[in-house]
Amino acid sequence: MSPDRSESRSEGTRTVRPPGWEPEILAFCCSYCASAAAGEAGAVRLRYPAGTRILSTPCTGGIEMEHLLEAFEKGVDGVLVVGCPDGGCHFVEGNQRALRRLERVRAILDEIGLGGGRLRMVQLSDSMAPAFADHMREITETIRAMGPNPLKPARKESAGRS
Amino acid sequence: MIVASPKSITELKSIIAGHRKVLFVGCGTCVTVCLAGGEREVGIMAYAMRMARRLDKNPVEISQVTIERQCDNEFLKDLAEPASGVEAIVSFGCGAGVQAIAERFPDKPVYAGLDTQFLGILEGQAVWTEKCLGCGSCMLAEFGGICPITRCAKRLLNGPCGGSLEDRCEVDPEKPCAWQLIYKRLQAIGQLDRLEEVVPPKDWSTAWYGGARRVVRRDHQV
Ligand code: SF4
Ligand code: SF4
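Going down the list, the sequences are from chains V and Y. Start counting the first sequence at 7; every next residue gets the next number (our numbering). Start counting the second sequence at 552; every next residue gets the next number (our numbering).
What the hints contain is simulated information worked out from the structure, not anything from laboratory work. For glycine and all other residues, C-beta sits at the position ideal for the given N, C-alpha and C. Errors might be hidden in some of the hints.
What the hints assert, rightly or not - Short, incomplete list of chain Y residues facing chain V, as computed with Cβ under 10 Å:
{"#": "1", "residue": "S559"}
{"#": "2", "residue": "I560"}
{"#": "3", "residue": "T561"}
{"#": "4", "residue": "R591"}
{"#": "5", "residue": "G594"}
{"#": "6", "residue": "Y598"}
{"#": "7", "residue": "A599"}
{"#": "8", "residue": "M600"}
{"#": "9", "residue": "R601"}
{"#": "10", "residue": "A603"}
{"#": "11", "residue": "R604"}
{"#": "12", "residue": "L606"}
{"#": "13", "residue": "D607"}
As the list claims (entries may be wrong) - Cross-link-like lysine-lysine pairs, in silico, BS3-like; alpha carbons within 30 Å at most:
{"#": "14", "chain 1": "Y", "residue 1": "K659", "chain 2": "Y", "residue 2": "K558"}
{"#": "15", "chain 1": "Y", "residue 1": "K572", "chain 2": "V", "residue 2": "K158"}
{"#": "16", "chain 1": "Y", "residue 1": "K735", "chain 2": "Y", "residue 2": "K659"}
{"#": "17", "chain 1": "Y", "residue 1": "K628", "chain 2": "Y", "residue 2": "K726"}
{"#": "18", "chain 1": "V", "residue 1": "K80", "chain 2": "Y", "residue 2": "K735"}
{"#": "19", "chain 1": "Y", "residue 1": "K558", "chain 2": "V", "residue 2": "K80"}
{"#": "20", "chain 1": "Y", "residue 1": "K705", "chain 2": "Y", "residue 2": "K726"}
{"#": "21", "chain 1": "V", "residue 1": "K158", "chain 2": "Y", "residue 2": "K608"}
{"#": "22", "chain 1": "Y", "residue 1": "K572", "chain 2": "Y", "residue 2": "K558"}
{"#": "23", "chain 1": "Y", "residue 1": "K705", "chain 2": "Y", "residue 2": "K735"}
{"#": "24", "chain 1": "V", "residue 1": "K158", "chain 2": "Y", "residue 2": "K564"}
{"#": "25", "chain 1": "Y", "residue 1": "K659", "chain 2": "Y", "residue 2": "K564"}
{"#": "26", "chain 1": "V", "residue 1": "K80", "chain 2": "Y", "residue 2": "K572"}
{"#": "27", "chain 1": "Y", "residue 1": "K735", "chain 2": "Y", "residue 2": "K753"}
{"#": "28", "chain 1": "Y", "residue 1": "K564", "chain 2": "Y", "residue 2": "K628"}
{"#": "29", "chain 1": "Y", "residue 1": "K572", "chain 2": "Y", "residue 2": "K628"}
{"#": "30", "chain 1": "Y", "residue 1": "K608", "chain 2": "V", "residue 2": "K80"}
{"#": "31", "chain 1": "Y", "residue 1": "K558", "chain 2": "Y", "residue 2": "K753"}
{"#": "32", "chain 1": "V", "residue 1": "K158", "chain 2": "V", "residue 2": "K80"}
{"#": "33", "chain 1": "Y", "residue 1": "K705", "chain 2": "Y", "residue 2": "K558"}
{"#": "34", "chain 1": "Y", "residue 1": "K558", "chain 2": "Y", "residue 2": "K726"}
{"#": "35", "chain 1": "Y", "residue 1": "K682", "chain 2": "Y", "residue 2": "K608"}
{"#": "36", "chain 1": "Y", "residue 1": "K558", "chain 2": "V", "residue 2": "K158"}
{"#": "37", "chain 1": "Y", "residue 1": "K659", "chain 2": "Y", "residue 2": "K628"}
When you get a sec, could you build the whole thing from the sequences and use the hints?
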């Protein structure tokens with residue numbers, strides 16, 4: 007439901023897809039599962055979209071709402087948080103905390119009209135390299151359909167002025 | 552403590568729509584503990600507001616500061632500098648904090664960023680419940696430490712209304728019947744005989760109904 011809402015809203019504002027634009031996705035990866043899966047994906051040469059930037063974090067429970075909001079304010083098109091499966095968090099409930107925080111940030115993104123669909127969390131284990139690559143492709147396609155984060159060009163303009 | 556909850560982004564956005572430079576002031580006491588108006592919540596709201604306004608092509612500059620207690624003049628002094636260059640202030644304190652800041656800055660618009668709710672406690676993880684209405688003449692001794700004025704939906708002082716279902720209040724089954732709690736508590740502390748006495752109508756003159764109250768302690772004045 008949320009991707010639909012955000013898409014129609016972003017169409018309402020300005021979904022301009024500049025030629026050659028590739029979604030810029032920031033992937034917060036838990037170092038116990040997702041970072042290993044991402045590394046493995048690279049090692050066995052699984053392809054995932056070039057616009058992906060991996061940020062390794064000791065636990066998804068350490069990702070604060072401010073980190074996610076900051077990424078969007080700076081113009082990142084989409085954020086994927088990749089944590090351990092339920093019951094598999096090395097810090098017991100970090101992934102559950104992350105899920106709750108994401109819920110709130112998604113609601114904020116919907117309320118301001120940026121679209122909660124730009125933020126997603128998936129849970130996988132360190133041996134799931136193909137799943138990791140699939141999730142990266144999926145979110146990239148979701149974001150491609152939503153268009154670029156409208157805050158990105160605006161930020162460049164203001165940075166140029168100041 | 553005083554329990555509050557954040558206003559929606561949409562409401563706050565409309566409140567400050569006409570301003571381009573705004574100071575968000577958090578409070579480090581009650582509203583920090585109830586996760587509504589501390590440094591972190593102020594930061595989250597500032598991100599949301601900046602992004603919302605940029606999407607509206609009406610950008611806003613937001614500065615943030617969180618002081619120890621907004622209801623205390625001693626700490627309000629620290630706001631002089633951050634407030635000097637802004638058009639308006641949003642206080643993320645309780646209603647008392649907002650008004651304290653407004654009194655401190657008589658020539659600046661000061662808005663409430665929170666909805667102040669009640670005097671209460673943290674009941675469970677991220678659940679707060681109301682415990683006291685501040686009636687000005689505490690009767691807890693008579694009711695085993697459970698306040699029927701606040702916690703009985705009908706404010707009954709002489710036993711339950713008769714509508715309770717098991718131990719639930721008939722007005723809202725989500726809540727326990729205050730009188731069930733009072734009975735069990737008086738039983739546990741061996742004071743059930745208190746219920747034999749008829750409690751006369753409460754004298755409400757000590758409560759809010761005569762307008763805002765004042766407490767003066769001459770013994771602490773010089
Ligand atoms: S009797 Fe009055 S002061 Fe005491 S807890 Fe109830 S409302 Fe508060
Ligand atoms: S059910 Fe209990 S708490 Fe609810 S109104 Fe009646 S006496 Fe008060």
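To see whether the hints hold, each was checked on the structure:
1. S559: At about 7 Å, which falls below the 10 Å cut-off, the nearest Cβ of chain V leaves the hint on Y:S559 intact, so it holds.
2. I560: holds (5 Å)
3. T561: holds (6 Å)
4. R591: At about 7 Å, which falls below the 10 Å cut-off, the nearest Cβ of chain V leaves the hint on Y:R591 intact, so it holds.
5. G594: Nearest chain V Cβ about 5 Å off; hint holds.
6. Y598: Status holds, d = 4 Å.
7. A599: holds (5 Å)
8. M600: For Y:M600, the interface hint holds, since the closest Cβ of chain V sits about 8 Å away, which is under 10 Å.
9. R601: Check passed: Cβ of Y:R601 comes within 6 Å of chain V, closer than 10 Å.
10. A603: holds (4 Å)
11. R604: Hint holds; Y:R604 Cβ to chain V Cβ min 9 Å, cut 10 Å.
12. L606: holds (5 Å)
13. D607: Nearest chain V Cβ about 8 Å off; hint holds.
14. Y:K659 with Y:K558: holds (21 Å)
15. Y:K572 with V:K158: Within the cut-off at roughly 22 Å; holds.
16. Y:K735 with Y:K659: violated (52 Å)
17. Y:K628 with Y:K726: violated (42 Å)
18. V:K80 with Y:K735: Distance ~57 Å between V:K80 and Y:K735 Cα, so the pair is violated.
19. Y:K558 with V:K80: holds (25 Å)
20. Y:K705 with Y:K726: holds (13 Å)
21. V:K158 with Y:K608: Roughly 13 Å separates the two Cα atoms, so the pair holds.
22. Y:K572 with Y:K558: It holds: about 19 Å lies between the C-alpha atoms, which stays within 30 Å.
23. Y:K705 with Y:K735: holds (19 Å)
24. V:K158 with Y:K564: Measuring from Cα to Cα gives roughly 21 Å; hence the hint holds.
25. Y:K659 with Y:K564: holds (18 Å)
26. V:K80 with Y:K572: holds (20 Å)
27. Y:K735 with Y:K753: Holds. Y:K735 to Y:K753 sits at ~23 Å (cutoff 30 Å).
28. Y:K564 with Y:K628: holds (27 Å)
29. Y:K572 with Y:K628: holds (20 Å)
30. Y:K608 with V:K80: With Cα atoms ~16 Å apart, Y:K608 and V:K80 stay inside 30 Å; holds.
31. Y:K558 with Y:K753: Measuring from Cα to Cα gives roughly 35 Å; hence the hint is violated.
32. V:K158 with V:K80: holds (6 Å)
33. Y:K705 with Y:K558: holds (29 Å)
34. Y:K558 with Y:K726: With Cα atoms ~25 Å apart, Y:K558 and Y:K726 stay inside 30 Å; holds.
35. Y:K682 with Y:K608: violated (45 Å)
36. Y:K558 with V:K158: Between Y:K558 and V:K158 the Cα gap is close to 27 Å, so the pair holds against 30 Å.
37. Y:K659 with Y:K628: The hint holds at about 15 Å.
Of the numbered hints stated above, those contradicted by the structure are hints 16, 17, 18, 31, 35, listed in ascending order.
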